[in-house]
Structure formats: structure tokens, C-alpha cells
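Chains as they are written, first to last, in UniProt numbering: chain A, 1 to 269; chain B, 1 to 521; chain C, 1 to 317.
Honestly, the hints are just simulated from the structure, not real lab data. Remember, predicted model here, so these are calculated numbers, not experimental data. Glycine included, each C-beta is placed from N, C-alpha and C at the ideal position. Some hints could be false.
[Unchecked claim] Pair by pair, the computed Cβ-Cβ distance ranges are:
#1 C:Ala-9 x A:Ala-186: 36 to 44 Å
#2 C:Tyr-230 x B:Gly-152: 37 to 45 Å
#3 C:Val-113 x B:Ala-197: 50 to 58 Å
[Stated by the list, open to error] Over the 12 Å line for every Cβ pair with chain B, so calculated as not near, a few chain A residues:
#4 Val-159
#5 Ser-168
#6 Val-177
[Stated by the list, open to error] Sample of chain A residues facing chain C (criterion: CB under 8 Å; computed from the structure):
#7 Leu-26
#8 Leu-27
#9 Thr-28
#10 Glu-30
The residues making up each chain are set out below.
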Amino acid sequence: MTTRRRFALGLGVIVVPLVLALLGPLLTGEPGPRATSFTLGGGHWLGTDFVGRDVWQQVLLGGRTVVVTALAATALAYLVAVPVALMSALTRVRWLEELLMRPLDVLLAVPSLLLILLVASVLAPGAVGLALLVALVNVPDAARIVRAAAGEAAARPAVEALRMQGESRWRIAVGYVGRSALRTLAADAGIRLTGVLYLVSTAAFLGVGVAPDAADWAVMVDRNRTGLFVQPWAVVVPALLIVALTTGTNLLFDAALEKNQTDKRGRRP
Amino acid sequence: MSDVTDSVAEIRDLRVEIDGRAIVDGVRLRVLPGKVTALVGASGSGKTTTGLALLGEYPPGARVTGEVRRTAHGTVGSDGPVGYVPQHPAAVLNPARRVSALLDDIARPQVRHLPRAQRRTTARALVLRALSDAQLPDAEALLRRYPHQLSGGQQQRVVLAQALLLGARVIVADEPTTGQDALTKSRVVEQLKAVAARGIAIVLLSHDLDVVRALADEVLVMRAGRVVESGPVERLWTAPRHEWTRRLLDEQRAVPQGGADVGSGRPVLEVRDLTAVHDRRTAVLHAPRLALHAGECLAVVGRSGSGKTTLARCLAGLHRDHDGEILLDGAPLPRSLRRRGRAQLAAVQYVFQDARAAFDEHRPVLHQVARTAVRLRGAEERAATDEASATLHRLGLPEALAHRRPGELSGGELQRAALARALLAHPRVLICDEVTSGLDTVTRRGILDVLAGLVGEAEDLSLVLITHDLDTARLAHRIAVLDTGELVEQGPAQRVLTEPRHPFTVSLMETTERLEAGTRT
Amino acid sequence: MSGLRSFVARRLLLGALQTVAVVLLVFALTEALPGDAAVALAGDQPDPARIAAIREAMDLDRPAYERLAGWATGLLHGDLGTSLTSGRPVAHYIADGFGPTLLLATLTLALLVPIGFGLGVLAARHEGRLVDRLVSSVTLAVYAVPEFALGVLLVTVLAIKLAWLPPTALGYGTDLLAHPAALVLPVLVLLSRPVCSLSRLVRAGMVDALASPYAAHARRYGVPGARVRYTHALPNALAPAVQQLARTVDWLLCGVIVVEALFVIPGLGTVLLNAVAERDVPVVQGLAVVFGVLTVVLNLGADLVAHRLTPRAGVAA
Chain A
1 MTTRRRFALG LGVIVVPLVL ALLGPLLTGE PGPRATSFTL GGGHWLGTDF
51 VGRDVWQQVL LGGRTVVVTA LAATALAYLV AVPVALMSAL TRVRWLEELL
101 MRPLDVLLAV PSLLLILLVA SVLAPGAVGL ALLVALVNVP DAARIVRAAA
151 GEAAARPAVE ALRMQGESRW RIAVGYVGRS ALRTLAADAG IRLTGVLYLV
201 STAAFLGVGV APDAADWAVM VDRNRTGLFV QPWAVVVPAL LIVALTTGTN
251 LLFDAALEKN QTDKRGRRP
Chain B
1 MSDVTDSVAE IRDLRVEIDG RAIVDGVRLR VLPGKVTALV GASGSGKTTT
51 GLALLGEYPP GARVTGEVRR TAHGTVGSDG PVGYVPQHPA AVLNPARRVS
101 ALLDDIARPQ VRHLPRAQRR TTARALVLRA LSDAQLPDAE ALLRRYPHQL
151 SGGQQQRVVL AQALLLGARV IVADEPTTGQ DALTKSRVVE QLKAVAARGI
201 AIVLLSHDLD VVRALADEVL VMRAGRVVES GPVERLWTAP RHEWTRRLLD
251 EQRAVPQGGA DVGSGRPVLE VRDLTAVHDR RTAVLHAPRL ALHAGECLAV
301 VGRSGSGKTT LARCLAGLHR DHDGEILLDG APLPRSLRRR GRAQLAAVQY
351 VFQDARAAFD EHRPVLHQVA RTAVRLRGAE ERAATDEASA TLHRLGLPEA
401 LAHRRPGELS GGELQRAALA RALLAHPRVL ICDEVTSGLD TVTRRGILDV
451 LAGLVGEAED LSLVLITHDL DTARLAHRIA VLDTGELVEQ GPAQRVLTEP
501 RHPFTVSLME TTERLEAGTR T
Chain C
1 MSGLRSFVAR RLLLGALQTV AVVLLVFALT EALPGDAAVA LAGDQPDPAR
51 IAAIREAMDL DRPAYERLAG WATGLLHGDL GTSLTSGRPV AHYIADGFGP
101 TLLLATLTLA LLVPIGFGLG VLAARHEGRL VDRLVSSVTL AVYAVPEFAL
151 GVLLVTVLAI KLAWLPPTAL GYGTDLLAHP AALVLPVLVL LSRPVCSLSR
201 LVRAGMVDAL ASPYAAHARR YGVPGARVRY THALPNALAP AVQQLARTVD
251 WLLCGVIVVE ALFVIPGLGT VLLNAVAERD VPVVQGLAVV FGVLTVVLNL
301 GADLVAHRLT PRAGVAA
């Protein structure tokens, strides 16, 4: 499959869940009266859910939290990881480098979902708390990857040449090392966003960071499972949307990354 | 056609085209057993493509016409195996396999006809013989190692052993001496000579004319994909017919001699009791006293690993772990670059060995060069760019190229830009670390001319040339020789080159001379 | 080989530090409880007797460092504490849930390695052709899908529409081996992500290795294709794959928790989720320590194996 076609495929897969997630809440009208649980028909296009709400309306409402939480968590993770990684790549003070990176190595050993459940058992975090938690578990890995790319750039003679020219630390760090690590960062961002989407939705499925009757695709899958035999749509539709969202993100970033690489290869004389 | 059967390989009217552009055109080549055929030319002249054609390999997407014939053990028709020793032998040795496995892979098909019980021992015997033929002693220990545990020379010989084990009648050696010091070079020459003596034909691809002179029987001079001249090495050297050959040889020979002795009075840069360490422990360099006078050019000569680069980096403030003092105009320089003020930074500038790696690949060269004037001399952006442009032009880099990014410039062009970048600081001392190694003869000559120009031109600019190459060292007024971290000899260039005192300098001189004179057995 | 020994020593030290960190982290979380921990944990029924019981069970009257010391020494002796809700030792909970989880993990790992490597090698052998494009696209797509979403979809189709397999393991208790049909879907779902990631890694490593100068050199000298593939290229693809196998532990753990919840399997994941729901902190802590230490140990093992496979460069410890 050509890169262009893969890109198109990714776009095609992600467009439905993304549009529903971002525009859905604008399209819903007033919530109607509650009907009987798990019914099909009766004016409800996709039937009703476990407490008798209209499934279609819940679907329209339920994507935004997943997408927004995931994007916020990814951004937040980089906000911490990138400065730490750049600083540790550029410092010549050995203990500072160790101080910055070693604690992250240690944190890397704790399974991500375990940490989230552990915190959930004592704190019962909301959506913001979940975003913070997911960002936190992503910081060590993100920092390690950015650190490796930045370290490679920082070890090049170009950095010494810049120092020889009397350039400031800031300009070297951001203008050269940071910029050189940008490609790796872009590649990592796609993988990370996919992973974050996974964690956010799985946590919601397990009831972390969400109200038990929240309008959230993952929560819908969990709560409506009991009616799977009578009213499968209340489970299948949100599950399919989550599959499309995660798969589409992954396909899209993978195609974009490959395109980027071929562009780079083609340019060298 | 009797002589056709004599040759072990032959190329006729080879033309290799990529995207409609011919990179090799109309090449004819006959390879005779026991003889060394050299293809010489600047990089991009098509010699590697021609050499690989003997192996039946072409660049991806190439359109090939012409004929390549290889003969197995004198019989026409079936293709005989051709060995290959690439420029970087480590690249063709699988990092995850031991040397024994790498050789066993090749021995295995040769013992297949034997009964199963004998295969192992026979294969082993073949492997051991190949190793001894490739002059690799202590085979038992060697076989157990992984490629990364071998030295560069050993890796090269293992690759050679593979070719011998294969029963290759022709071995293509691609730049086997590039970037090596004189002693290593002469060992490689001996090695290949021994191989040729066994009746194996060698095709040498090289831009190192000393090595070609020492080894080759026949030489083909290539330029832009065509063979411009060919003939026996003696004839070519004494009476080159083609203009290009003459230029190539001239550039090799005529290295400008450094001017008369200069430098008296107070030195610009002085080193006192310098001991540099790596990893806080291992002392790698000891230099009790070294002085550089105004307008003087000092060459620091030594093999790789002798500590000469460390010395240069100490001077430039790039290597902080050292004792002793470095004085600029009598005042001590801080060890770390960060502690040096603008004026001190500007006074001592450094040019890196790998020019490509020393530039930011994202920004245009001109802009990067101009930054020196902006940062170190406080020049206006506009004035700095004008000065950078003028300096680049003076060093032979056209305006159009200067606006490009480093990725679009050649190695030689980038090295000129790197020199310009350092010169824009108006330095008192310019340190050049192996700036010509890895460049082909023509390009190297160009850079050396620029350096020679710098020495004569500016009265107060002093140069430190770090080099393993005595040709480059001839540019200098004075030479300092380093061996395993010790400063073993220093003195006027003329004296060191003609009557070296220290045994190490003597051996360095001898091997260089032997290569240059093309001593033949 | 002092290099190897120092690498092992450094890696072991890091492993030990990680273990200590996990224990400290788990302990610190209870300290993060807002206000009076006992009141917070009593939750919906702030009955004074229950609060007192919690205070008693968790020794909340003693200073934090004493409790940490007591808890840590307990851990060293295998004493993981007692449950707040039932008063049973945490070790009993773990013993109960251990069987089903171990069964799931063993089955998954046993299938993961051959399937992952097999698909990777298959795709690499047919690089650029239909088989490769198929394997690559499917693994790329499935790789990202959360287990619960994939799980419910499979259940809907295979268990409910087609009625080939039981939708959950409800009613089978811990003796799952007697009902192999109930294990098919859980293992399939659990395998989905690790198989994709492993096979993609093996494929990429093999494709790289097959395109390398040393593979070209081997072919040039007449080494047969199969030999180049399996003795030259595969070993070089192995090290990153083994590393990934260790990272997979994290995923398997997430997966186990989700899959047990989805298919109602009474394993450690279910125990953990129940404890989280009941805010039974000692049980959560005990399980977290067990899971955490297990992860540290498995990562350590994989790093050491990977280091052995790449003698060239030390894997960053």
C-alpha cells in the first residue's frame, strides 16, 4: 500500500469518531425523558442504555472526554519530559544528569495501569486527576526517548562548534539540540498519543476518573455490558468508535512518519 | 585471443546510468592474475561503481550495458568468485556472530561433497589456513571473538581471510588505507602485496597515490566516469600523457614548503606541564613545554591515539580535564570554554575534523559562518553576513553555495566554510584538527593551499595543524611529534623532516618515504 | 569480560533500587490520603466502630516511619498485611487469585513468542508483497486497540451472534483448565497487543538486518538465503524484540486486569479491582508490591538476556 493510500485510510478511519467526539455535544438536543432500560426502537435510533437513556445521544456526548483528556495528558507529559531531557542531555555535570534521569528510570518500573489504580484506590480522581496521572506515567518513557535523540545531537561536534562561536546555552539547547530532536519527538508523539488513548479509555472502563453513569464511550461499554444479549448496540457502537479512534490515530501517525522519512531520504544529493 | 584467457576478469564497454546520467561510461579493464590494477580518481569519478561491477553489483535503479566477465580457475564461461574488502570492513562483519561462524559460513559449502564425519575437521582446517594466509596470528583466540572486539586492522584481515577462503581469484579492495597513518598504511600495502604474490589479482580503488605507486602494476586514471589514461605505473608516473593525470600527480607532489623560520620573542600560546586525563584517571597526554609564536605554523604529528587531538582540544578549551597551564600572551587561559571570555574565545579558534558533523544541518552555511562575527566581535548582523560572504569567497566557496544548507555541500566545500567560520573571529591562533583526512587528493590539495595562504597572508595568525600525514606537516615551520601521549620530539620542520632524532620519528619518516618512493619487491 | 560483570552489577543495583522505590511509592500513597486516613477510608458508612477498626488495623496512631518500617519488615517475611474489609491476610487473597492469573499469563506467553516471531519473520521474508502488507496493516491497526473494546466486540460476534464460545468464565470458578473453551477469548484478547508489537519489531529488525552490508556480503560469498535469514538476520533482530518482551509485561498486566474484569475470571486482577472499589488499602498495597516486584524482576531478566544477545553495546541500564 502506498503511503498516500495509508494516510487516506487512517484519515477515513479516524474521521467518524473524531467528528462525533468534537462536534457531538453540539448536536445533541435536550435529553428526553428516560425510557425503560435496554430497549430497542420506540423512537430511540440505537435503543436505550442501562438506565433508559437514549444511546445515540450518549454516543454524541461520550467522545469528548476521551479525546480531550488524552490530548491534554500527552501535551502535559511532554511539557515535563522535554525540558528534563534537554537539560540532562546538555549538562556536563554528571550528578545533575543522574538526578534528572535516574528517578525516571525507577518510575519506569511501575506498570502504568497499576499506578493509576493505586492512586484511584485512595484518591478517586476526576477527569483532571486522570489526565495528570496518565501524563505522569508517560513522563519517564517520553523523557528517555527525547533524551536519547537530544543526547545524540548534543554529542555532535556542531555543539562544540557553536560553543566555540560563543553561542548562549539557550540558543544551543533550543535552536540546535531541541530542533534536532524534533523529528524523534514527532515520531514519538504519535505512538504516545495512541498509548495515552489506550490508558485513558481503559481507566474509564475500569471506573477510574469518571462518574459511574458518565456519558463516556468506555463507561458505556462497561455499564451496558449487562444488556449485551438484549441490546448489543449500546455496547457495540461505543466499542467500535474507540477502536476506530485508536486505530485511526495509529495509522495516521504511522503514514505521516513514513512520508516524512521518504521525504528526507529523497532530498540528500 | 590468447591473452583473454590469461585474464581472470574483464570489463568491456561498461556503462552505468542512473536517471539518465552516466556515472560510468565506456570503461574497459582487464585483470591479470598476481597483478595489482589500480583505479585512481577523485571521489565521484566512478571507480567504486566500476569495482563493484566486477562483483556483479550495481547501484539500485542503475541501467547497465556492456560486459563483465569473470573466470573460474582459468576456465572461460563459469563465473569465478570475486572477493571484496570494503573501505569500512566492520560494516560487512555481522556484529552478532563470532569470527569462527563468519568464516565457517564460507567454508561450509566447500566441504559439502565430503562424508559428514569429515566435514567439520576439513572446514576447520580451511578456516585456519585462510587465517594464516591473511597473516592473522593466534587464530584460536581470534575465532572466539566478536567483530567489535577486533582492531580495525584485524577486521580488515578477517574480511581478507573470507575472500581467500572463498578461493577468490580477484579481490577488489576499496580505499583500504583511507584515513590511516603511515605505519598502518605500509602494513596494509605489505599485506596486499603478499596476497598478489599468491597469484590473486587485486583491483585497488584508491585516491591515495602513495599507496597506488607502492602497490600497483597497472593504473587506470578515472574522471567523471571515464578512463582518461591507463598504463603501467612507472610510465604513468614518469610520463603522464593526459592533462588530468598530470594535475593529479602534481597535486600529490607539490606541497608548498613552509617559509623561513619565524617566531622569536614572546610566544602567543604557551603550554606548561600539561597532563591531560580521560575519565578522570587515565593520563593520555603529557606535554612539558610547547610554544607557538606569532605568525608561526606548528604541526603536531602522531599516529591515531597518540593524544594529538586531546592536545588540540585542551588548547581550545574543549577538554577540561588537565593539569598545567595554557598561556595566551602570557596570561593563563581558563580550562573550560564556558569560563573563557569573548576575546579569549575569539583568540583561539578550532576547526573540526568532520566538517559535516560540525555544522547545524538545518540552517544555511552563510548564516552559521556569520554568527561568529556577531557573537564574538559584536558585529551587526548585516556587516557580519557581508564579511562572511567575502571570507567564503576568498576561501573559494561561491556565493550561491553559501546560501545552501550543509547537506547540499561536499566535504571539501564544508571544510572551507568551517575555516571561514573560525576566521571570522579574527583569531590569533587557529587549530586545525585533521582537516584534510578523509578528503580525496584534489580536494585535500585545495584545502592545503588555503592553509598555506593563511600562513603567509596574515602576519599575526598562528596555526596549529594536527595531522598524521607528514605531507601536511611540511606546511609548518615547526613540527612536534607525539607518541602514545608523550611529546617525543619538536623542532624546525626542516630539521625534523630531514634528520629526525627520536626513534619513533625516524620510523614514521621511513615508512612515509618508502610509500612515496614506491619501494617494490 | 569485566564489562559484562559491571553491566550485570549496575543492572542488579537498578533493579534493587526500583524494588525499593516501588515499596516506598506504594506506602507513600496511603500517606497521600486527605485528612484522617481512617475516616477517608471508611467511606460511605462513617461508623465510629469501623473507623476505630481501620485505625487499629493500619496502625494509624503510630508515626509514618514506624509503620513503614513495620510494613517493610513484614514484606521481607512474606507478611503482606490484613484486609480492612474481611480481616483475612492479604496473602490469602493473592493465593486465591494466583492460579487463574498464572494460567492466563503462561498460556499467553507460550503463544506470544511463537506467534509474534512467526508473523514477524513471515512478513520480513515477503517484504513488500501481499503477505507482508496484510500482516503489517493488521498488526498496526490491532496494536492500538484497548482490550476491553476488542473483547466486547469479539464476545458480541463469537459468543452471542455465533454462539461458538462462552461469553464469560462465570460459574467456572478457579478451575479454568477444565473449561478450555472459556479460555479461548480471554487469551485471544490478551495476546492481541503484545503479538502485534512483537511481530512488528521482529519484522523491522529482520528487514533492517537483511538490507545491511553484512547480509549483502554473506550473500555475495554464496551463503544460502535461509542461512542468511535465520543465522545472520534473526539474531540481530532478537535483542530489540527481547527488550520489547519485557516491556510487554506492563501490557500483559494491564491486559490481565481488563480481561479478568471483562470475562469475570477470579484472578489477581479481579482481586485488585474489588479491593480498589472497596478502598481496601492493605490488599491494594500488597498486590501492587507483588505486581511491581514481578515487573522489576522480569524487566531485569529481559535486559540481561538482551545484553547477552548484543555483545556490542551495553543496553542502557
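Under the constraints set out in the numbered hints, which ones does this structure not fulfil? Hints 2, 4, 5, 6, 7, 8, 9, 10 are the ones this structure does not satisfy, whereas the remaining hints hold.
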